Every structure is written in structure tokens, then in C-alpha cells.
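We have chain A; now place chain B onto it with these hints.
One line per chain: the protein sequences are A and B, in this order. Under this note's numbering, think of the first position of the first sequence as 1, with each following residue one higher. Under this note's numbering, think of the first position of the second sequence as 1, with each following residue one higher.
The set of hints was computed from the structure by calculation and includes no laboratory data. This structure is a prediction, so every number in the text was calculated from the model and none was measured. Mixed in with the good hints, there may be bad ones.
Under the rule of at most 20 Å between Cα atoms (straight-line distance), these lysine to any residue pairs were calculated in the SDA-like manner [said to hold, decoys possible]:
no.: 1; chain 1: A; residue 1: Lys122; chain 2: B; residue 2: Gln240
no.: 2; chain 1: A; residue 1: Lys122; chain 2: B; residue 2: Asp26
no.: 3; chain 1: A; residue 1: Lys122; chain 2: B; residue 2: His284
no.: 4; chain 1: A; residue 1: Lys122; chain 2: B; residue 2: Tyr296
no.: 5; chain 1: A; residue 1: Lys122; chain 2: B; residue 2: Leu301
no.: 6; chain 1: A; residue 1: Lys122; chain 2: B; residue 2: Lys159
no.: 7; chain 1: A; residue 1: Lys122; chain 2: B; residue 2: Asp297
no.: 8; chain 1: A; residue 1: Lys122; chain 2: B; residue 2: Leu279
no.: 9; chain 1: A; residue 1: Lys122; chain 2: B; residue 2: Pro241
no.: 10; chain 1: B; residue 1: Lys159; chain 2: B; residue 2: Asp26
no.: 11; chain 1: A; residue 1: Lys122; chain 2: B; residue 2: Gly283
no.: 12; chain 1: A; residue 1: Lys122; chain 2: B; residue 2: Thr280
no.: 13; chain 1: A; residue 1: Lys122; chain 2: B; residue 2: Ile312
Covered, in the sense of this in silico footprint (three residues per stretch, anywhere, with C-beta under 8 Å from a C-beta of chain B), are these stretches of chain A [as the list claims (entries may be wrong)]:
no.: 14; stretch: 45–51
no.: 15; stretch: 96–103
no.: 16; stretch: 169–177
no.: 17; stretch: 265–279
The C-beta atom is built at its ideal place from N, Cα and C for all residues, glycine as well.
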Amino acid sequence: MTEFAAYTIIGLSVGAVFALAALGIVLIYRVTGVLNFAHGAMGMFSTFVAWQVFYGYPHPGMPSWAVTAEAILAGLGFALVLGLVLELLVFRWVRSRPQIVKAVITIGVLLALQSAASLIWKNNQYHLPIYLAPQDLTRTIAGVPIGANSVIIFVIALGLAFGLAAFLRWTAFGRSMRAVSDNPTTAQLWGVRVDMVGAVSWMLGSLIAAVAGILITPFINFDTTSLTLLIVDSLAAALIGGLVSLPLTVLGGFILGLLETYPTIWIQSLGFPRLIALVVILAVLIVRSPRGLPGTAK
Amino acid sequence: MPGHAFRFLIAIVAFAVLARLPVGLDAAFQFDAALALIWGFGILSLVLLTGYAGQVSLCQATFAGVGAYGAGMVVASLHGGYLLGIVVGVLFATVLGVLVGLPALRLHGITLAIVTLGIALVFDKYVFQDHLFDWFTGGTGGWQVTTASILGIPVDSSKHLLAAYDVLLALFCACAVLMVNLHQSGAGRRLRAIRDSEVAASTMGVNLTRYKLLAFALSAGMAGLGGSFYPLVTGSVSPQPFWVFTSLQLAAIGVLMGIRYVPAAALGGLFMAVVPDVLTRYGHGTFMGRAYDISYDWFQLGVGVLLVLQLILLPDGVWGDLRARTAPLSALFRARRLKEVKPA
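For reference, chain A alone in the conformation it holds in the complex:
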């Protein structure tokens, strides 16, 4: 029972990260119509920038929390720039193209980012994770050890999800983003700056991907490919939310995290969780009506 509870904690932490990554995918998909296969790769690159700052340079005389903060700020700052650059150099020029063409372009971005990262930080090599809290900081509640890292991940994921929903719902810019997502042409006629909205969505999406990437490093074999390939799990969570709904996406992330974690009690296999993600994807797509996903009927 204790074991079960411990796995639940891990599953919820992993699920929180899936939920975060999926939120970024849904945000970019809803506003710009691009299904971003490079979402994992973008998060991976920003995470490695943070890792480089964390481990790559000596930080004489700085307390450890300041080093962590510096690394995270560097990673997030890079993520903002990466999102803006991708929008300005690539996606602004293909706005009127078919959805599938835009998705294939993101595959090009994925390949480029993954190989660039593996040139800089070497491929298939284990990197030390970035801990937000000391690894051994745990409280035991009713016999179940709860790591501070798990709690932090959980809180940040939920906080960001609610923050994003509130931003979209109650701010003027959030309203513009929802307007563009409903109909870009009409939004433009009403005076919404569509280019600006697109740029901000890419920067926000990239930022969320970076947060997800930095948070998940303690839970996976942290290298350039594993973070890039998290895209499949994130897409599964995003599909549970139908690529539209933010609350359902977060719920989907947690469900997927638990579904992928529980079997590891019995099955010691690195690949088995991927099979579960695929089954979830197939189940969601087949249960929903073929034209049930927005934009796919075009």
C-alpha cells in the first residue's frame, strides 16, 4: 500500500509535467493552428541552456538557491527568444499554408534542434538533473516519503495551468488570443494585431515547454533525445483535452502520468510506458468522432 502511494506521488509529478507540456501544445495549436511536433525539442534546448548555466560554470560565493534561480532564468529567457525567433523566421511565412504542411515544418525544427543540442551537449549521454530543491529533502507522511521536488513540480504545474486559463479569460490580451483562435480574419478586422498575438503565443508556448523540461529532469534519463521524444506523451495528454480544453488537458496529463507509472511496479521496461501512451492516443482518437477534433476536418 505504501508502495502504491509512493508510485502515485511519482505518477502525479510526471503527470504534472505532461500536463504542462501539453498546455503549451494546446496554446500554440489553438492560436496559430500549428500542431507543434518540435515542442519537446524546444523545451529540451532551453532545459540544456539552464543545465549549462547550472553545471557548466563555477559560481564562486553564490548560495545554491541563487545558482538554481540563475540557471532557470537563463533557460526561460532563452525559451522566450527561441519562441520569438521561430515565429519570426519560420511560422510567420507559412500562416496561410495547410495545417499538415505546418506540422511537417515543425518536424524539420525538431530534427534541427535535436541535432544542434546533441552537437553542443553530446548525444546519448546521461546528464545530471536540475534539482529545484535538495534531492534528500523529503517528509514522510503516513509512511509515504514525499519529496520536496515532487511537491514543487505539482504546485508549479497546477499554478501555471490556472494562471494561463486566467490570463486567457480575464486579460485584454488573452481575449485577443481567443479571438484569433476562433477566427484570425475576423479578429484582424476588429483590430487585433494577429502577428503580435502569434509571436506572444509562440513565446508563451516555448516558455511552458522550458518549464516542463526543467521540471522533469529528475524523473527521466536526461539527454537530448528523451526530452525531445516526450512530445508523444504530451500529445497524448493534449488529445485527451481534444487539443482545445485546458482543464481536460491538465486532467489528461495526470491520468497519463499515473497510467504510465503504475505498471512500473510490476514491469521493469523502459519502453512499456510508451506503449501506454500509444494506447491512450488510439483510444482517444477512436472514441471521439473522426471529425471531432477542431481544425482536422479542413
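Using the frame of chain A, we list chain B on its own:
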């Protein structure tokens, strides 16, 4: 479009020329030539599935991998002949293709891309690497194929690499001609109708189920045919060549070269086999006093950047763009042929 006999002639000439081409080269380039055909099959299968039938797939390397493991299993574990290995490899890949095609009946566009990416990842991390499937993958060491013969002709990689290359080349030329013929046939027209609009195609009486499954089965079989030669050419099978990034590269290079054109498959296969090898072999040294070392990752970086540039600037791919630019030239030929025909 040239007629049947002319197409056949082109294929024969291409075979005769290409079969002679790697004879004088060193063993590494002969190996590249054979590998180029294996990946060429992978891209040719995408031309059928994506270019003709409009079905996106990000798991073509998985089909090739299943073909390779099937052939490796028959030869190394069951001690069958290599011809049987190829048959089993193609059969396994075709069956997997139909299985992938089943959910594809209800999906299209980006959702199909998501599902096929998931399948590529599951096969990469689970089926090709988990001990549960050791009977199929030969465990961590994979299968070793040292001696092999097809119909009595020795084709093993160590001494008779060119024989294997010739067999592969003959099959590739045959498949290329069949693909062009398919494009002109009734089945090809139905596939293209599905690509342009599924609703319109089914309204016109095209059996969507049959033709989508047909496209997936043929495509997977073709990718598996190329893959089943992999153990023959390299002497062993391992998961790495068929991992998810190879699938993504196949799709990227196929689109880059022109996903609707058969010759683009040969071009793409050549690109995928030769460029990384040349980069890793000759890409290190010193230039203007600075040491440089170009690794395989530069190839994938180049593919990614080129794909993005191509989709923005040349939407029809390299071969499609070449065709469009040489259109006045070929129109000249066509006009002359028409004139010749007229008096008769």
C-alpha cells in the same frame, strides 16, 4: 508521360548504368550504394503512401526495421535461406502496415501523424529493445548474418556486397516502374482521389477502406522489402538504424526531395546514405588553422534546416521544382512528338 515500353527501357538503362557505377569504388562507397537503395525503398514507400494516397506516416523506418528483423530472424535463428528471409520480412512489414492502416481508416492529417509517431516510438523503445521480443530481435546483440545466398548466388556483405547491390537495384528499378504504372492506373487514380478529398472520393464510389488499407499494405511491404536487405548488406541488425529519428528523417527527406515523384525517392536514398558517410569520413581536419570535426549530427541539422527552407520556398520539393523549371524543355519534346504523330 512516356508509354509503357519507354518506361521499361528507362528502367533497364538505369539498371545497366547504376549497376556498373560502384564497381570501381572502395568498399565503403559500395556499402553506401546498397544502403542508399534500402533508404530509397523507404522513401519510395512514402511516395506511394503520402504522395499518391495523401496518408501521412512517421513510421516508415519501423516498417523497414520489422522487415530487417524478420529477415534476420529467419536466416540467423531459424537457418532458412535468405530468399525466405526476404519473403518473411516483407510479410511481417505488410501485416504491420495493415494494422497501422486500420486506425488510419478513421484518421487523417495531423492525427494520423501523431498515431504513426507513437507507433514508431513504441517499436523503437519497446519492441526492438525489450527482452519480451528477444525471439524476434535476437536480444541485445541482434542477428548476425555472415553467409547468405539467393537462388545459389552468394550475396553476403563481406565478399559479395556488389551482388547484393545488384539484386537490390533490380528490385528498386522494378518497383519504380510499377509505381509509375500505378500512378497512371485506375487504382492510382482512386488513391489520388482519396488524397485530394476523401469525401469526394467516397461519393464517386471509391472504396475508402479497401484503398487506404491497400496503400498502407503496399507501402509497408515496400519499406519492409528494403529493410529485409539490411542484415544482408550490413551483416547484422540492431535497433539504432530503425529508431524514431530515422522515421522522421525519411519523412523529412521524402518531402524535401519531392514526395509526389518516384525519382525523388532515389535521390533521397542517395542523400540519406552518402552524405552522412562522407561527412563522418572526410569531415574532419583543419581549415585556416582551426580544427573542425563534422559528425553525423550535422547531417540531421542540415536535413531539418533544409526541410524548413524547402517548405517555405519550394513547396513541391527539389525534384518537383526541377521539373517545373525544365517544363519548357519537356514541352518542346512533347510538341515534336505530337507533330510526328499527326500525319499518321
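Right, here's what the structure says about each hint:
| no. | hint | in the structure |
| --- | --- | --- |
| 1 | A:Lys122 with B:Gln240 | 17 Å, holds |
| 2 | A:Lys122 with B:Asp26 | 31 Å, violated |
| 3 | A:Lys122 with B:His284 | 17 Å, holds |
| 4 | A:Lys122 with B:Tyr296 | 12 Å, holds |
| 5 | A:Lys122 with B:Leu301 | 14 Å, holds |
| 6 | A:Lys122 with B:Lys159 | 35 Å, violated |
| 7 | A:Lys122 with B:Asp297 | 10 Å, holds |
| 8 | A:Lys122 with B:Leu279 | 17 Å, holds |
| 9 | A:Lys122 with B:Pro241 | 18 Å, holds |
| 10 | B:Lys159 with B:Asp26 | 13 Å, holds |
| 11 | A:Lys122 with B:Gly283 | 17 Å, holds |
| 12 | A:Lys122 with B:Thr280 | 16 Å, holds |
| 13 | A:Lys122 with B:Ile312 | 30 Å, violated |
| 14 | 45–51 | violated (count 0) |
| 15 | 96–103 | holds (count 5) |
| 16 | 169–177 | violated (count 0) |
| 17 | 265–279 | holds (count 8) |
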